[in-house]
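**Q** Listed below are the residues making up each chain.
There are 2 protein chains.
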Amino acid sequence: MNRYELHYPLTMDADTKKMMANAYGALLREREQGVTGYYNLPEDSRLLVEELQKEHPFDDFDRIAVIGIGGSSLGTKAIHSFLGPKEKHLPIHFLENPDPVELRRTFAKLDKDHTLFLVVSKSGTTIETISIFKAAIEHFDLQLRGNRHIAVITDVDSPLHKFAKEFGLKNFAIPKNVGGRFSVLSSAGIVPLTLAGFDTTKLLQGAKRMMESFFALEEEHILQKAAFIAQNWPTYRMNVLFSYADELEDFNKWYVQLWGESLGKKDRYGKNVGPTPIGHIGPVDQHSFLQLIMEGPRDKTVSFLCIEDFEESLVIPNLSLPYLEKTDFVNGATFGRLVYEECKATMRSLHSQEIPIDRIVLPTFCEEGLGELIAYYELLTSAVGAILGIDTYTQPGVELGKKILKKRFI
Amino acid sequence: MNRYELHYPLTMDADTKKMMANAYGALLREREQGVTGYYNLPEDSRLLVEELQKEHPFDDFDRIAVIGIGGSSLGTKAIHSFLGPKEKHLPIHFLENPDPVELRRTFAKLDKDHTLFLVVSKSGTTIETISIFKAAIEHFDLQLRGNRHIAVITDVDSPLHKFAKEFGLKNFAIPKNVGGRFSVLSSAGIVPLTLAGFDTTKLLQGAKRMMESFFALEEEHILQKAAFIAQNWPTYRMNVLFSYADELEDFNKWYVQLWGESLGKKDRYGKNVGPTPIGHIGPVDQHSFLQLIMEGPRDKTVSFLCIEDFEESLVIPNLSLPYLEKTDFVNGATFGRLVYEECKATMRSLHSQEIPIDRIVLPTFCEEGLGELIAYYELLTSAVGAILGIDTYTQPGVELGKKILKKRFI
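These protein sequence lines are chains A and B, in that order.
Per the working numbering, residue 1 is the first one in the first sequence, and the count goes up by one each step.
Per the working numbering, residue 1 is the first one in the second sequence, and the count goes up by one each step.
These aren't lab readings, by the way, just hints derived from the structure by calculation.
Quick caveat, the model's predicted, so the values are computed rather than measured.
Treat each hint with caution, since some may be false.
Straight-line distance between alpha carbons at most 20 Å, and here's what the computed DMTMM-like set of lysine to aspartate or glutamate pairs gives [to be verified]: (1) 86/A / 102/B; (2) 202/B / 30/B; (3) 109/A / 312/B; (4) 112/A / 155/A; (5) 344/A / 341/B; (6) 403/B / 87/A; (7) 86/B / 102/A; (8) 112/A / 60/A; (9) 109/A / 87/A; (10) 18/B / 30/B; (11) 326/B / 155/A; (12) 162/A / 328/B; (13) 407/A / 102/B.
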């Protein structure tokens with residue numbers, strides 16, 4: 001189980017308590033009324049995993065290509081980067097951004113006969129995804145009808161679903177009431193990860209534990225953090241997630257999408273609201289962004305995310321180099337401890353400046369901890385959204401750009 | 001040459017003009033008085049390149065390991081990612097973050113006899129860098145005395161410099177008056193990149209053109225942008241750099257460091273000031289962060305950075321898939337054009353919401369354009385710093401964390 005520490009100057013007065021109770025009530029209603037379905041995914045996806053592990057309907061493959069963007073890829077990538085990939089896993093390649101140079105590079109790593117292509121799009125008509133799928137069809141000369149190396153993951157009855165049915169391609173459904181950025185524990189993430197050999201059962205168990213614990217009112221810290229952030233966003237305009245492991249860089253991106261698309265909204269009075277998410281990696285970004293947090297404007301809360309045990313014993317040798325003796329104080333420590341202590345030292349220095357901080361400690365790179373963390377961030381996002389009084393699950397602001405794009409081509 | 005477009009609601013009144021003139025004067029004085037030396041690097045580093053290209057003092061190598069963090073690696077990485085690496089270049093591996101899992105992975109790609117190890121540290125005592133260097137010494141069983149596979153890049157007379165002299169290792173100097181985050185065009189970046197076969201002459205030419213043009217008062221747009229950002233940071237608290245190419249992701253990180261460490265400061269009255277830099281990649285982050293920019297608080301300026309010609313002709317096939325005809329409007333276009341037009345469409349949709357935007361267009365992935373862009377961002381940073389009345393070139397805020405870290409080990 002993860003550890004959660006909160007050092008926010010939150011006044012637990014009647015107003016705050018009411019706000020927290022209301023947020024909790026709102027999430028409970030969302031779950032009961034099916035406003036959003038992500039609360040049930042840890043349970044609902046369990047069967048999917050069992051099925052896929054028993055037998056899957058595909059011809060032999062030794063690598064997976066996920067064709068998807070945004071909510072259709074970020075969560076899968078986050079888990080993939082965090083948990084491995086280890087030798088026992090099949091490699092997953094992501095055809096995500098339509099950057100042609102990168103696409104060409106990724107195509108070169110795939111082949112027609114051993115790649116399982118998974119086309120993931122909630123709406124089924126994402127312009128980048130379908131265009132990349134078309135390019136893959138041409139590049140690899142893929143036959144469509146009944147191809148047991150292609151599957152789609154999309155909304156039931158979406159155009160992509162209909163296309164798949166027409167050609168007899170395997171189709172996995174994303175529940176209607178699960179938005180892209182909340183879909184990582186649906187088929188969108190669970191299918192590629194399970195097929196690649198990741199232990200998605202444990203991942204779902206971790207998430208389930210957190211969902212149940214939250215609704216059993218045992219995770220009050222989530223409501224406290226949500227209340228502070230929602231109350232104080234005009235002051236603390238940014239939340240910096242400072243993650244202390246390279247393996248968390250894609251998790252940071254997932255968090256930025258989840259938070260940014262969910263919480264950057266017009267509220268019920270038409271006012272533009274919402275805190276801005278920023279992801280950083282420690283210790284490397286201590287050499288980049290820390291100065292700004294320490295001495296720049298007091299407009300940020302900072303969340304630290306760190307790994308207690310890297311399970312990698314690489315040690316800083318007991319080596320004293322002439323003139324460099326000043327650095328010897330870490331000799332004999334593992335690099336894992338250095339990273340962990342740097343996180344702690346940075347926390348303390350921010351705390352001394354009265355910057356609101358919190359910390360999440362993961363025991364190690366394990367599935368349960370990550371599943372729990374995903375659920376934690378989803379619940380936190382919903383709770384902040386509820387307090388802000390916004391529609392957390394839509395993204396009306398991206399439509400205008402799509403319309404303008406279309407006009408530029410016709 | 002790059003194109004720069006500014007759509008900021010800047011009022012060019014007497015105050016603004018005076019502010020711009022003062023900023024220009026401040027930079028001119030910095031250059032003349034040697035307050036910072038980066039202005040001269042495009043010229044000063046030319047000789048270094050010629051020397052290295054004629055002959056270098058190392059035994060045979062076919063890959064390079066840069067051991068450095070922050071200002072000692074970010075710029076080199078940015079250039080390395082943007083320009084290639086192509087087949088003609090030697091691979092550069094970065095030993096940067098002390099994350100033990102990632103370190104172990106990178107060690108596995110190196111070997112003792114064919115790797116040139118470059119230890120880069122401005123101060124010469126960066127704890128992560130020296131610790132990783134020690135681990136490399138042990139892991140590869142490196143003999144130190146006279147080893148022609150090791151060089152250091154550091155301040156003259158730094159502890160690392162003295163260490164190198166003691167062991168007869170090759171040493172390259174970073175000029176005293178060039179800080180880490182402004183050092184990419186010094187030996188810190190130029191040595192690894194030149195040795196890996198990148199055309200650093202052209203890179204420096206591009207930077208030189210921009211420096212000369214700025215000081216010849218031919219780049220007024222830089223002063224305008226600086227004036228707007230410095231005047232309005234309490235309103236527009238963030239600048240989002242939205243870069244439309246995967247190859248620009250490391251450039252974004254370089255920009256975040258340059259801007260964040262330089263501009264997040266206490267001003268001369270002791271007030272905490274400075275705009276926050278955020279890097280995003282398009283089109284992928286249109287599916288992540290765009291909603292927040294469009295409908296969230298109006299607290300951001302957005303800079304678009306795009307590539308006019310990807311020089312990669314990958315085309316979206318003229319393929320009409322049943323039920324997916326809605327996506328056919330881009331058929332026949334190159335992916336490069338899709339990316340470019342998405343940038344434009346996003347710009348227009350933000351502009352329609354009166355969000356301050358600007359755009360930088362690079363002709364393609366070329367050395368001159370990138371050199372120019374680096375100089376542009378350095379000058380912009382200095383100009384904003386001058387107007388804010390801060391010390392752009394120090395980072396006092398990171399010292400406390402270092403002290404606390406040390407205490408936790410002894």
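**Q** Take the C-alpha atoms of residue 112/A and residue 60/A, compute the straight-line distance between them, and say whether it is at most 20 Å.
**A** Distance of about 11 Å is within 20 Å: holds.
**Q** Given the hint that residue 86/B pairs with residue 102/A, test it: the Cα-Cα distance must not exceed 20 Å.
**A** Cα-Cα ~13 Å, so holds.
**Q** With a cut-off of 20 Å on the C-alpha distance, tell me whether residue 112/A and residue 155/A pass.
**A** Measuring from Cα to Cα gives roughly 26 Å; hence the hint is violated.
**Q** Within a Cα-Cα threshold of 20 Å, do residue 407/A and residue 102/B meet the stated pairing?
**A** violated (45 Å)
**Q** CA of residue 109/A to CA of residue 312/B, is that 20 Å or under?
**A** holds (17 Å)
**Q** Does residue 86/A pair with residue 102/B here, judged by a C-alpha cut-off of 20 Å?
**A** Status holds; Cα separation ~13 Å.
**Q** Sort out whether residue 87/A lies within 20 Å of residue 403/B, counting only the CA atoms.
**A** Distance ~40 Å between residue 403/B and residue 87/A Cα, so the pair is violated.
**Q** Starting from residue 162/A, check that the Cα of residue 328/B is at most 20 Å away, please.
**A** With a Cα-Cα distance of about 17 Å, the restraint between residue 162/A and residue 328/B holds, given a limit of 20 Å.
**Q** For a C-alpha distance cap of 20 Å, please report whether residue 344/A and residue 341/B respect it.
**A** violated (45 Å)
**Q** Could you grab the alpha-carbon distance between residue 18/B and residue 30/B and see if it respects the 20 Å cut-off?
**A** Since the Cα atoms of residue 18/B and residue 30/B sit roughly 18 Å apart, the hinted pair holds (cutoff 20 Å).
**Q** Verify the proposed pairing of residue 326/B with residue 155/A, using a straight-line Cα cut of 20 Å.
**A** Given that 20 Å is the threshold and the Cα spacing comes to 16 Å, the pair holds.
**Q** Compare the distance between the alpha carbons of residue 109/A and residue 87/A with 20 Å, and conclude whether the hinted pair is satisfied.
**A** holds (17 Å)
Checked against the numbered hints above, the structure violates hints 2, 4, 5, 6, 13; every other hint is satisfied.
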